[in-house]
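Listed below are the residues making up each chain.
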Amino acid sequence: MIIERVLIFLIFITGFIGLIGVKNIIKKIIGLSLLNSSIVLLFILEASRIGDHAPILVGQEKNIVDPVPQALMLTAIVIGVCVTSLSLAMAVRLYKTTGSLDITIIKERIENES
Amino acid sequence: MRKAKLLKVFLTIIIITLATFPIIMSNVSWPTFTRDYLFVNALNETGASNTVSSIYLGYRLMDTLGETLVLFVAITGTMSILLNLHKHELESVKTQSTLVPEKRVKNALRTNLVEVVASKLGPIILLFGLYVMLFGHISPGGGFQGGVIFASAIVFLVLATDVKTKITNSHVLERIEAISFISLILITTYVIFFPEGFFSTIDIGSSFLSAGIIILLNIIIGIKVGTSIAVMIIAMMGGKHDN
Numbered sequence: 013m014i015i016e017r018v019l020i021f022l023i024f025i026t027g028f029i030g031l032i033g034v035k036n037i038i039k040k041i042i043g044l045s046l047l048n049s050s051i052v053l054l055f056i057l058e059a060s061r062i063g064d065h066a067p068i069l070v071g072q073e074k075n076i077v078d079p080v081p082q083a084l085m086l087t088a089i090v091i092g093v094c095v096t097s098l099s100l101a102m103a104v105r106l107y108k109t110t111g112s113l114d115i116t117i118i119k120e121r122i123e124n125e126s
Numbered sequence: 004m005r006k007a008k009l010l011k012v013f014l015t016i017i018i019i020t021l022a023t024f025p026i027i028m029s030n031v032s033w034p035t036f037t038r039d040y041l042f043v044n045a046l047n048e049t050g051a052s053n054t055v056s057s058i059y060l061g062y063r064l065m066d067t068l069g070e071t072l073v074l075f076v077a078i079t080g081t082m083s084i085l086l087n088l089h090k091h092e093l094e095s096v097k098t099q100s101t102l103v104p105e106k107r108v109k110n111a112l113r114t115n116l117v118e119v120v121a122s123k124l125g126p127i128i129l130l131f132g133l134y135v136m137l138f139g140h141i142s143p144g145g146g147f148q149g150g151v152i153f154a155s156a157i158v159f160l161v162l163a164t165d166v167k168t169k170i171t172n173s174h175v176l177e178r179i180e181a182i183s184f185i186s187l188i189l190i191t192t193y194v195i196f197f198p199e200g201f202f203s204t205i206d207i208g209s210s211f212l213s214a215g216i217i218i219l220l221n222i223i224i225g226i227k228v229g230t231s232i233a234v235m236i237i238a239m240m241g242g243k244h245d246n
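Quick note, the sequences are listed as chains A and B, same order. Once you know that position 3 of the first sequence is 15 in the working numbering, the rest is easy, because the numbers rise by one and skip nothing. Once you know that position 197 of the second sequence is 200 in the working numbering, the rest is easy, because the numbers rise by one and skip nothing.
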């Protein structure tokens, strides 16, 4: 149980480094997606600690996993798709108007324009 | 300057590690009472044997409506940002992967292999997406998952050249999306006939209607999600211009 948590934490930190330490906008968006995925994985892992079977009531398995975090993560995945699509559209817009994906160059060019 | 930047990033990562590492590694035992309640009551109260479906289309339907609204707003924003861009430079770009073969540069991002495989696999994946939508109440799946599979099938059909279908047309997809969203709102007024409150689960035993509502909602949400994501991906690919 400890190794999964360490791996989820590594995914989280990787996403965070991508979000704050990289200058390319596309890599920042990939980092945002990684953050979202790590949170989803954490909730699914937590819910699976109290059971072994899928939460489908067809057999008579008594110890199903908790379905509430799975239903919540369904929402989180959809919101993650929304965030990714909107930020990718904004990245395309920024690239078309400034000609670069690097945030420092974008900032310079916007300041030169105004 | 560069060293200072690196130091800032490093310090931020140390702080975020201190903040989140105890949360991720916490070993508090997960409470089991919701699981036990749903195991006993979910099938009787909502009629769906897939408990995740019975949560997000039964107990938590209000939240699902909000979720589809968020998706709708995100699609609207993405489309309004992207469509303004593509208006000016459609003719100049010859390497877009969605153009018909006569208009694009040869082998631009696309080969014969991709076209053949996509045109053969597209209808099968479309059928599989419909299956996942329709059986969301008794097997793993549901509206959102089936909708995403549906969207990927539509993208396959966009990439295929010799498929004559209207479903890859953005205007048709947008109309289907609008109709399914309106019918999602209209269908939820069924609670008028059951005086238990807006979007509440109806407790009418193991009847047909309850699971029927969940099947209906699964199909409508699936079509809505599928068409929205397909519209968005087609817009990001540059649109399909051969019809």
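Hints may be right or wrong, so weigh each one.
Simulated crosslink set (DSS-like; lysine-lysine; CA at most 25 Å straight-line) [as the list claims (entries may be wrong)]:
{"no.": "1", "chain 1": "B", "residue 1": "8", "chain 2": "A", "residue 2": "40"}
{"no.": "2", "chain 1": "B", "residue 1": "6", "chain 2": "A", "residue 2": "39"}
{"no.": "3", "chain 1": "B", "residue 1": "6", "chain 2": "A", "residue 2": "35"}
{"no.": "4", "chain 1": "B", "residue 1": "123", "chain 2": "B", "residue 2": "169"}
{"no.": "5", "chain 1": "B", "residue 1": "167", "chain 2": "B", "residue 2": "123"}
{"no.": "6", "chain 1": "A", "residue 1": "39", "chain 2": "A", "residue 2": "108"}
{"no.": "7", "chain 1": "A", "residue 1": "40", "chain 2": "A", "residue 2": "108"}
{"no.": "8", "chain 1": "B", "residue 1": "123", "chain 2": "A", "residue 2": "119"}
{"no.": "9", "chain 1": "A", "residue 1": "39", "chain 2": "B", "residue 2": "123"}
{"no.": "10", "chain 1": "A", "residue 1": "119", "chain 2": "A", "residue 2": "40"}
{"no.": "11", "chain 1": "A", "residue 1": "40", "chain 2": "B", "residue 2": "11"}
{"no.": "12", "chain 1": "A", "residue 1": "108", "chain 2": "A", "residue 2": "119"}
{"no.": "13", "chain 1": "B", "residue 1": "169", "chain 2": "A", "residue 2": "119"}
{"no.": "14", "chain 1": "A", "residue 1": "119", "chain 2": "A", "residue 2": "74"}
{"no.": "15", "chain 1": "A", "residue 1": "119", "chain 2": "A", "residue 2": "35"}
{"no.": "16", "chain 1": "B", "residue 1": "6", "chain 2": "A", "residue 2": "40"}
Derived contacts from chain B toward chain A, CB cut-off under 10 Å, selection only [what the hints assert, rightly or not]:
{"no.": "17", "residue": "15"}
{"no.": "18", "residue": "27"}
{"no.": "19", "residue": "55"}
{"no.": "20", "residue": "57"}
{"no.": "21", "residue": "236"}
According to the in silico footprint, chain B covers these stretches of chain A (three or more CB under 8 Å from chain B) [to be verified]:
{"no.": "22", "segment": "27 to 35"}
{"no.": "23", "segment": "42 to 49"}
{"no.": "24", "segment": "59 to 68"}
{"no.": "25", "segment": "82 to 96"}
Because the hints were derived from the structure by calculation, they are not lab data. No residue lacks a Cβ here, since even glycine has one placed at the ideal position from N, Cα and C.
A quick look at each hint next to the structure:
Between residue 8 of chain B and residue 40 of chain A the CA atoms are separated by roughly 16 Å; this keeps the pair inside 25 Å, and the hint holds. Distance check on the hinted pair: residue 6 of chain B and residue 39 of chain A sit about 21 Å apart at the alpha-carbon level, within 25 Å; holds. Between residue 6 of chain B and residue 35 of chain A, the direct Cα distance comes to roughly 15 Å. Compliance with the 25 Å bound is thereby established for this hinted pair. A hinted pair counts as satisfied when its Cα atoms are at most 25 Å apart, and residue 123 of chain B with residue 169 of chain B qualifies at roughly 17 Å.
A distance of roughly 13 Å separates the Cα atoms of residue 167 of chain B and residue 123 of chain B; the hinted pair therefore holds under the 25 Å criterion. Simply put, residue 39 of chain A and residue 108 of chain A have alpha-carbon atoms about 17 Å apart, close enough for the 25 Å limit, and the pair holds. With a C-alpha separation of about 18 Å, the suggested pairing of residue 40 of chain A with residue 108 of chain A holds against the 25 Å cut-off. Under the criterion of a C-alpha separation no larger than 25 Å, the hint pairing residue 123 of chain B with residue 119 of chain A is inconsistent with the structure, at around 46 Å.
Simply put, residue 39 of chain A and residue 123 of chain B have alpha-carbon atoms about 34 Å apart, too far for the 25 Å limit, and the pair is violated. Under the criterion of a C-alpha separation no larger than 25 Å, the hint pairing residue 119 of chain A with residue 40 of chain A is consistent with the structure, at around 16 Å. As the CA atoms of residue 40 of chain A and residue 11 of chain B are separated by approximately 17 Å, the hinted pair is consistent with the 25 Å bound. Simply put, residue 108 of chain A and residue 119 of chain A have alpha-carbon atoms about 14 Å apart, close enough for the 25 Å limit, and the pair holds.
This hinted pair does not check out: residue 169 of chain B and residue 119 of chain A have alpha carbons roughly 43 Å apart, beyond 25 Å. Distance check on the hinted pair: residue 119 of chain A and residue 74 of chain A sit about 58 Å apart at the alpha-carbon level, beyond 25 Å; violated. Distance hint between residue 119 of chain A and residue 35 of chain A is fulfilled; the C-alpha atoms sit about 11 Å from each other, no more than 25 Å. This hinted pair checks out: residue 6 of chain B and residue 40 of chain A have alpha carbons roughly 20 Å apart, not beyond 25 Å.
About 6 Å separates the beta-carbon of residue 15 of chain B from the nearest beta-carbon of chain A, less than 10 Å, and the hint is met. For residue 27 of chain B, the interface hint holds, the least distance from its beta-carbon to any beta-carbon of chain A being 5 Å, beneath 10 Å. With its C-beta approaching chain A no nearer than about 5 Å, residue 55 of chain B sits inside the 10 Å limit, and its interface hint holds. Interface hint at residue 57 of chain B: satisfied, since its Cβ lies 8 Å from the closest Cβ of chain A, which is below the 10 Å cut-off.
The interface hint given for residue 236 of chain B holds, since its Cβ lies 9 Å from the closest Cβ of chain A, which is under the 10 Å cut-off. Three residues within the 8 Å Cβ limit are the bar, and the segment 27 to 35 of chain A against chain B gives 4, so the coverage statement holds. With 0 residues carrying a beta carbon less than 8 Å from a beta carbon of chain B, the segment 42 to 49 of chain A misses the three-residue requirement, and the given coverage is violated. Counting residues of the segment 59 to 68 of chain A whose beta carbon lies closer than 8 Å to any beta carbon of chain B gives 7, which meets the minimum of three for the stated coverage.
Coverage of the segment 82 to 96 of chain A by chain B holds in this model, with 10 residues showing a Cβ closer than 8 Å to a Cβ of that chain against a need of three.
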